[in-house]
Amino acid sequence: MNLHSLSLRNSQSCSYKDVPVVSIEELKGTIVSCVQEGKRLLAFFAQSTGEKEMQLYAVLGNDKLGTLSLLSAKVENSYPSITDQCAQAHWFEREIAENWGISPKNHPWLKPIRFIPSYREGQDAWNRSKENILPCVGDYYQVQGEEIHEVAVGPVHAGVIEPGHFRFQCHGEWVYHLEISLGYQHRGIEKELKGGPTKRTLPYMETMAGDTSIGHSHAYLQMLESLANCQVSQRAQALRGIALELERLANHTGDLGALANDVGFLPTANYCGRIRGDFLNMSALLCGSRFGRNFLKPGGVAFDLEDSRIKEFQTKLENAKKDVTVAAELLLDSPSVLARFEDTGVVSKETARELGLVGVAARASGLSQDIRKDYPFGIFSSFSIPVAIYKKGDVFARAYVRWIEIQNSIAFIQSMLISMPKGKTQMPLSSLAPDKIVVSLTEGWRGEICHVAKTDEKGQFSWYKVCDPSFHNWMGLSMALRNQQISDFPLCNKSFNLSYCGHDL
Amino acid sequence: MFKVLLARLQQKHRTIAYPKKEPVLPDRFRGLPILDNSQCLKNCQECVSVCPTNAIQCTEKGLQIDLGRCLFCTECTSVCPKGAIQFSTEYRLATRTRQDLVFDGKVFERAKILKDSIHKLFGRSLKLRQVSAAGCNACEADINVLGTPGFDLGRFGIQIVASPRHADGIVVTGPVSENMKLAVEKTYKAVANPKVVIAVGSCAISGGPFLDHKEVHNGITDLFPVDLFIPGCPPHPMTILDGFLRLMGRLKQ
Chain W
1 MNLHSLSLRN SQSCSYKDVP VVSIEELKGT IVSCVQEGKR LLAFFAQSTG EKEMQLYAVL
61 GNDKLGTLSL LSAKVENSYP SITDQCAQAH WFEREIAENW GISPKNHPWL KPIRFIPSYR
121 EGQDAWNRSK ENILPCVGDY YQVQGEEIHE VAVGPVHAGV IEPGHFRFQC HGEWVYHLEI
181 SLGYQHRGIE KELKGGPTKR TLPYMETMAG DTSIGHSHAY LQMLESLANC QVSQRAQALR
241 GIALELERLA NHTGDLGALA NDVGFLPTAN YCGRIRGDFL NMSALLCGSR FGRNFLKPGG
301 VAFDLEDSRI KEFQTKLENA KKDVTVAAEL LLDSPSVLAR FEDTGVVSKE TARELGLVGV
361 AARASGLSQD IRKDYPFGIF SSFSIPVAIY KKGDVFARAY VRWIEIQNSI AFIQSMLISM
421 PKGKTQMPLS SLAPDKIVVS LTEGWRGEIC HVAKTDEKGQ FSWYKVCDPS FHNWMGLSMA
481 LRNQQISDFP LCNKSFNLSY CGHDL
Chain F
1 MFKVLLARLQ QKHRTIAYPK KEPVLPDRFR GLPILDNSQC LKNCQECVSV CPTNAIQCTE
61 KGLQIDLGRC LFCTECTSVC PKGAIQFSTE YRLATRTRQD LVFDGKVFER AKILKDSIHK
121 LFGRSLKLRQ VSAAGCNACE ADINVLGTPG FDLGRFGIQI VASPRHADGI VVTGPVSENM
181 KLAVEKTYKA VANPKVVIAV GSCAISGGPF LDHKEVHNGI TDLFPVDLFI PGCPPHPMTI
241 LDGFLRLMGR LKQ
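Residue numbers (the working numbering), protein chains in the order written: chain W, 1 to 505; chain F, 1 to 253.
Quick caveat, the hints were computed from the structure, so don't treat them as lab data.
Take the hints with a grain of salt, since some may be wrong.
Claimed, not checked - Here are the simulated DSS-like cross-link-like pairs (lysine-lysine), alpha carbons at most 25 Å apart as the crow flies:
| no. | chain 1 | residue 1 | chain 2 | residue 2 |
| --- | --- | --- | --- | --- |
| 1 | F | K3 | W | K199 |
| 2 | W | K194 | F | K214 |
| 3 | F | K12 | W | K130 |
| 4 | W | K130 | F | K186 |
| 5 | W | K458 | W | K17 |
| 6 | W | K111 | F | K181 |
| 7 | W | K199 | F | K42 |
| 8 | W | K424 | F | K214 |
| 9 | W | K373 | W | K297 |
| 10 | W | K191 | F | K181 |
| 11 | W | K321 | F | K3 |
| 12 | F | K12 | W | K297 |
| 13 | F | K21 | W | K316 |
| 14 | W | K74 | W | K111 |
| 15 | F | K214 | W | K111 |
| 16 | W | K191 | F | K115 |
| 17 | W | K322 | F | K12 |
| 18 | F | K12 | W | K321 |
| 19 | W | K130 | F | K181 |
| 20 | F | K214 | W | K322 |
As the structure is a prediction and not an experimental result, all values here were calculated from the model.
All chains, please: the whole structure from these sequences, using the hints.
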């Protein structure tokens with residue numbers, strides 16, 4: 001099996017003409033059998049061929065070998081849905097239907113995911129006209145019965161968070177199902193990436209999910225450098241790695257604080273809120289921006305860490321480590337906290353695998369998946385970082401995995417600072433190779449970030465596809481809420497802490 | 001219980017001394033630009049062409065940066081052959097009008113206090129409702145952080161509240177996507193008069209990196225009268241706090 005696919009590695013640029021075009025039946029067969037064998041569907045999307053036909057692309061990953069398979073098929077306005085035999089495809093197929101008006105026949109729940117007009121004029125999967133698309137208006141999965149009621153929340157929530165709509169099917173406090181409806185954050189980024197790189201490409205990468213600026217720009221830049229055949233120095237790679245782990249530290253610490261807050265455990269909630277700021281300030285020490293904006297540049301990084309700055313950095317890191325250790329251990333040691341965290345919002349390993357969850361959510365359900373280890377990139381090609389796994393799949397597991405990762409990331413940065421590799425911070429970048437295709441993966445703090453792009457005959461992007469970890473994981477949150485009390489929703493939601501804008505793009 | 005107390009002792013008192021003491025920002029922080037017209041070649045236009053949001057103008061009159069569009073990305077500083085554009089660590093960037101954000105390197109008009117009748121109501125207590133309208137979660141995060149003990153927003157009488165019905169005004173982030181427009185308008189309407197509107201971040205002020213996308217509305221300036229503009233991508237928490245306090249007339253200089 002799997003003969004008709006192009007095998008490639010993370011951010012390896014390949015000739016576009018080597019991407020096999022198979023029949024839609026074979027594409028479906030390959031996806032279904034590969035996923036059954038334990039591979040994962042990393043990306044599945046459509047692009048225009050410039051003619052009447054559209055081209056579907058599938059990226060499958062073999063986590064054990066670290067290899068990727070790419071294959072494609074041409075379709076017109078519909079094709080037999082893959083979701084009935086491979087749940088990992090379900091959200092992708094809804095996106096394909098919405099973006100291009102291609103209907104996956106017999107998809108079990110074919111709804112828009114962003115509530116935007118089709119990219120193809122006059123070709124809409126639901127025959128909607130541009131003017132009458134209202135965000136999140138439409139049919140919802142419903143439970144019926146005498147005492148069943150529906151709870152609708154959002155788009156504007158009570159906290160300082162991004163907008164999204166949640167629809168609960170409840171029986172009293174009990175939640176039978178939660179349907180999540182997004183699209184409020186859509187800014188049309190993918191469309192604008194076409195024809196790039198332009199002067200806005202890097203700002204787009206840094207703001208597609210603004211709390212994952214480093215994760216996304218790292219994925220973009222390693223793709224760019226592969227296309228331009230540019231060798232980034234080890235020093236620049238180390239600095240990028242430090243920035244990536246700082247981003248993870250800040251967000252994981254913030255999440256532990258937010259989880260504490262949602263169960264009313266105020267000491268850790270307060271401490272972590274501040275310690276998160278300490279990690280953000282370390283990013284600012286590195287590059288002036290708390291979110292690592294404009295630190296990563298084509299060919300390397302914008303700033304170096306001089307010896308004096310390394311000293312300051314080490315002191316700050318050591319202090320933050322002490323503080324976060326006290327705050328996290330206090331949280332995970334308190335019986336009143338554990339009573340709320342344990343057995344709440346369980347996602348089983350089987351469900352996690354079937355849905356194709358990634359990142360913290362997958363690892364907390366016992367799946368060993370981490371791009372840093374499975375498909376090493378940047379500094380992680382020469383420096384391994386342990387994969388944090390916990391098996392229970394509940395809120396506690398997702399908190400605990402974060403705490404282990406905090407420790408691992410601190411240890412990683414500390415060892416980098418002790419022996420920073422030598423080299424230039426930035427190398428010149430030549431023009432991009434024409435007619436290539438690249439799949440670029442990084443492990444952002446939420447999980448796997450996947451960028452796929454193709455260059456045209458001039459070395460510009462003919463198209464650029466982004467798959468944020470949240471794209472895979474929102475359905476995981478829905479599953480976590482089944483048979484839970486609705487009052488546990490904020491807690492479950494925080495334990496995933498997914499991105500709305502990363503999903504909506 | 002004992003552990004909680006020990007942890008409390010270990011974490012110490014960490015609220016910053018601001019506004020009694022000025023905060024120290026990192027040396028690489030990018031705040032108010034320093035424009036040196038005597039160095040500018042005028043005809044090279046390099047900075048103008050690399051700016052991702054077309055924030056820079058370079059004419060006979062000299063250099064001009066629209067801070068409402070600026071992403072503080074330093075592409076301009078790195079291409080300028082003469083070093084005519086630099087960024088200082090001046091974080092006090094909030095203004096009362098959109099026009100005040102267009103900076104020509106000379107005087108920067110910082111935000112002034114609200115007019116008397118409204119100041120009487122909000123000068124000592126300001127409740128705000130935050131709305132993210134396609135914000136990328138960076139502005140949101142740096143507003144959120146003001147609530148932590150480090151900044152302790154509450155000591156200034158400012159609170160981010162859960163409902164527009166409890167609020168004296170709204171703080172909007174993001175370029176206002178088409179899909180979020182109605183929700184922002186409804187939130188605005190739900191706040192009782194008189195109310196203040198604060199735009200945080202280049203997206204809410206001008207559309208930011210998404211300027212002129214047909215999926216967005218280039219921020220809130222065409223939707224509501226804005227009382228306070230806080231530029232940045234994202235603005236530093238101190239820039240946001242400074243803006244809030246100036247609006248309330250709580251800062252002297």
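Evaluated hints:
1. Proximity of K3(F) to K199(W) is assessed by CA-CA distance (about 53 Å); at most 25 Å being required, the pair is judged violated.
2. As the CA atoms of K194(W) and K214(F) are separated by approximately 15 Å, the hinted pair is consistent with the 25 Å bound.
3. Straight-line distance between C-alpha atoms of K12(F) and K130(W) comes to about 57 Å, which puts the hinted pair past the 25 Å bound.
4. Using a Cα cut-off of 25 Å, the hinted pair K130(W) and K186(F) holds, with the two alpha carbons roughly 22 Å apart.
5. Distance check on the hinted pair: K458(W) and K17(W) sit about 15 Å apart at the alpha-carbon level, within 25 Å; holds.
6. Note on K111(W) and K181(F): the hinted pairing holds, with a Cα-Cα distance of about 22 Å set against a maximum of 25 Å.
7. The hinted pair formed by K199(W) and K42(F) meets the criterion: a straight-line CA distance of about 21 Å does not exceed 25 Å.
8. For the proposed pair K424(W) and K214(F), the alpha carbon gap of about 41 Å is over 25 Å, so the pair is violated.
9. Under the criterion of a C-alpha separation no larger than 25 Å, the hint pairing K373(W) with K297(W) is consistent with the structure, at around 24 Å.
10. Using a Cα cut-off of 25 Å, the hinted pair K191(W) and K181(F) holds, with the two alpha carbons roughly 21 Å apart.
11. Restraint check for K321(W) and K3(F): the C-alpha separation of about 18 Å stays at or below 25 Å, so the hint holds.
12. For the proposed pair K12(F) and K297(W), the alpha carbon gap of about 38 Å is over 25 Å, so the pair is violated.
13. The hinted pair formed by K21(F) and K316(W) meets the criterion: a straight-line CA distance of about 21 Å does not exceed 25 Å.
14. For the proposed pair K74(W) and K111(W), the alpha carbon gap of about 22 Å is at most 25 Å, so the pair holds.
15. A hinted pair counts as satisfied when its Cα atoms are at most 25 Å apart, and K214(F) with K111(W) qualifies at roughly 23 Å.
16. For the proposed pair K191(W) and K115(F), the alpha carbon gap of about 44 Å is over 25 Å, so the pair is violated.
17. Pair hint K322(W) plus K12(F) holds up; C-alpha atoms about 12 Å apart against a cutoff of 25 Å.
18. Taking the CA atoms of K12(F) and K321(W), the gap is near 15 Å; set against the 25 Å cutoff, the hint holds.
19. Restraint check for K130(W) and K181(F): satisfied, since their Cα atoms lie roughly 16 Å apart, inside the 25 Å limit.
20. At roughly 48 Å between alpha-carbon atoms, K214(F) and K322(W) are farther apart than 25 Å, so this suggested pair is violated.
Checked against the numbered hints given earlier, the structure breaks hints 1, 3, 8, 12, 16 and 20 and satisfies all the rest.
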